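Protein sequences, first through last, are from chains A and B. Under UniProt numbering, residues 1 to 86 are what the first sequence spells out, in order. Under UniProt numbering, residues 1 to 554 are what the second sequence spells out, in order.
Hints are computed from structural coordinates only; laboratory data are not their basis. Here the structure is a predicted model, which is why all the values come from computation and not from measurement. Hints should not be assumed to be uniformly reliable.
[Claimed, not checked] With a straight-line Cα cutoff of 25 Å, these simulated PhoX-like cross-link-like pairs (lysine-lysine) come out:
1) K41(B) <-> K27(A)
2) K27(A) <-> K85(B)
3) K37(A) <-> K41(B)
4) K71(B) <-> K106(B)
5) K27(A) <-> K106(B)
6) K37(A) <-> K157(B)
7) K37(A) <-> K27(A)
8) K106(B) <-> K41(B)
9) K41(B) <-> K71(B)
10) K71(B) <-> K27(A)
11) K71(B) <-> K85(B)
12) K85(B) <-> K41(B)
13) K71(B) <-> K157(B)
14) K5(A) <-> K37(A)
15) K85(B) <-> K106(B)
16) K27(A) <-> K5(A)
17) K85(B) <-> K157(B)
[Stated by the list, open to error] Among the chain B residues that face chain A by a calculated CB cut under 8 Å, a handful are:
18) L75
19) D79
20) P80
21) Y107
22) K157
23) L332
24) P336
[Claimed, not checked] Computed list of chain A residues with no C-beta within reach of chain B, every gap over 12 Å:
25) G2
26) E3
27) S30
28) A36
29) N45
30) G46
31) A51
32) D56
33) G60
34) T62
35) G71
36) L76
37) D77
38) E78
39) A81
40) P86
For each residue, glycine too, the CB sits at the ideal point set by N, CA and C.
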Amino acid sequence: MGERKVTVAAEVGLHARPAATFVQRAKQASMDIAVAKLNGGDPVNGKSILAIMALDVRQGETVVISAEGDGSEEVLDELAAIAAAP
Amino acid sequence: MNLRGVAVSPGVGQGPSYVLSVSVPEPPEGATYVGEAEDEKARAMAALTQIAGELEARGNQAGGEAEEILKAQALMAEDPGLVVKVRSLIDRGLAAPRAVFEAFTKYRDVLAGSGGYLGERAADLHDIRDRVIAVLYGQSMPAMPAPSEEPYVLVAKDLAPADTALLSRGQVAAFVTEEGGPTSHTAILARAMGVPAVVACPGATAIPSGVEVMVDGTTGEVRVRPEPDAAAEVRAAETRRTALSFAKGPGRTADGQRMLLLANVGSPADLEAAVAAEAEGVGLYRTEFLYLDRTAPPSQEEQRRAYRQALRAFPGGRVVVRTLDGGADKPLAFLPAPAEPNPALGLRGLRLYRAHPEVMAAQLDALAAVAEDGLQVLAPMVTTAQDAAWFVRACRERGLRSAGVMIEVPAAALRARDLLAQADFASIGTNDMSQYAFAADRQLGVMSPLHDPWQPALLDLVAMTAEAGVRSGKPIGVCGEAAADPALACVLTGLGLCSLSMAPAALPAVRAGLAAHTVEQCRTAAEAARAQPTAADARAAARAHLPGLATLGL
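Kindly produce the complete structure, drawing on both the sequences and the hints.
Quick look at the structure:
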């Protein structure tokens with residue numbers, strides 16, 4: 001299973017626009033996407049904007065994004081870039 | 001009727017009110033359906049998809065910030081977690097509207113529990129939920145009023161981006177909502193549109209529809225049926241604020257001569273106001289708050305924390321800490337002073353310090369422990385060159401690099417040259433200087449005409465001190481009431497002073513007044529003032545040479 005650890009750089013955290021962009025991209029992927037806070041709780045569905053918002057990831061916090069299957073590396077790279085964007 | 005809320009988008013807007021009342025009933029608890037579960041689920045999914053599509057379409061139409069917000073909301077309407085929840089509730093027998101209601105409420109509660117930004121997003125969910133339920137009930141959502149000639153004040157419990165996204169500046173004079181906060185979408189969109197807005201305004205929805213409402217998005221005031229000239233009055237105040245706000249940053253005259261504009265700070269709580277007023281540092285950090293009303297002196301740690309807080313508030317700036325100024329009108333419980341017939345002429349300021357060297361040692365040690373480049377230490381009530389030498393030596397022994405003296409006793413002003421031979425800088429305290437120069441008790445109201453900072457004799461003492469500063473090449477500032485008067489601030493600049501320290505609230509007017517005049521104008525104003533025999537004449541003469549003040553409304 002592929003994994004990316006990303007520190008969220010956006011001032012609003014993984015909310016608002018960054019969250020929406022992230023979910024929009026995740027929804028295009030054929031496989032499941034999971035997002036969890038580093039050392040913090042169960043992973044949530046990366047295609048659910050409500051779950052991502054409820055995760056309440058703030059600026060400077062690190063998340064682990066994981067996916068498995070054909071093309072997952074590419075999807076993970078793109079999602080990591082979105083989450084890390086300032 | 002006047003209401004007050006939180007101002008989130010500046011400006012003044014006035015017009016007839018349009019009160020938007022949205023009421024989608026809560027589907028009854030335990031409501032069930034007849035027919036197949038799959039059909040009920042399909043009905044729910046269709047409603048969710050329809051609303052997601054509408055939000056997306058409105059977003060595309062609106063563009064900009066509203067587009068992003070609405071597209072995020074479209075994602076919420078079709079959220080996979082939410083969809084699963086709706087389906088399973090329908091499987092358990094709940095009718096589609098009730099299932100939608102409960103599923104949204106579950107997520108809403110999660111977000112609301114987080115408070116702040118997320119809490120405000122919870123209100124968005126509420127709106128999406130009501131729209132979906134309205135579709136399921138075949139109910140239409142209330143429309144905005146048709147565009148009319150006169151822009152209206154839109155009043156609502158809360159506004160959803162879907163409501164406001166397609167409004168334009170020409171249609172809406174202002175927004176008022178009963179709920180919402182500074183990061184609510186109403187606030188964000190109002191700012192983006194440049195329309196005044198007040199949120200979290202209790203009682204707003206009780207405003208009758210159609211009555212005239214004036215909204216001040218700078219102060220948070222909402223006036224229902226305002227006086228005819230209310231808007232003009234509020235706009236005039238705003239024009240003045242705007243005029244003053246053009247002068248930004250470090251203090252300088254119209255021709256670019258620098259004047260340090262600093263803040264007087266009486267406790268750590270004042271630091272925020274000083275930073276907000278764009279002070280260039282603290283010109284007078286009164287340390288009495290650490291000592292008053294206590295039976296024992298403050299600990300080293302407590303002192304260090306307070307000093308560090310001030311230094312941190314102005315990284316790279318200047319912080320002038322005045323050592324304990326006890327005695328006279330500020331008696332200290334842990335240093336009982338002997339009864340004095342004239343406390344103002346007794347053991348106070350540096351004199352009290354000399355009588356209790358352990359208190360001084362503790363304060364200077366704490367200052368030395370946190371010392372940074374911007375830190376300057378200032379002794380109050382210094383009378384003679386010996387006083388100055390003694391204090392400066394005590395600072396030097398601890399490695400404190402900048403030690404200054406307050407000039408507030410006429411004897412010190414007369415011999416400023418000698419004091420400056422010892423000290424690194426000086427600060428003129430005009431309030432005490434008046435008291436001593438005019439033999440007039442500061443506490444006595446009947447003496448107040450003598451405490452007019454425009455008194456020519458006071459101006460002479462200030463001028464004399466300033467001159468000694470220019471000759472010795474050491475900076476002299478003013479930290480009394482005098483510095484807070486925009487006209488007098490120009491005069492002080494003309495006299496050759498290097499810094500002015502005042503209450504933070506006075507900074508914008510002083511900054512703007514200075515920026516409106518050249519050094520030459522300031523000098524001429526100072527000469528004209530000193531040539532007069534009375535305080536009133538001095539003020540009038542100076543102002544006659546400072547034409548920019550009237551233009552600024554000062």
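Hint numbers the structure violates, sorted upward?
3, 6, 17, 22, 23, 24, 29, 30, 31 and 32
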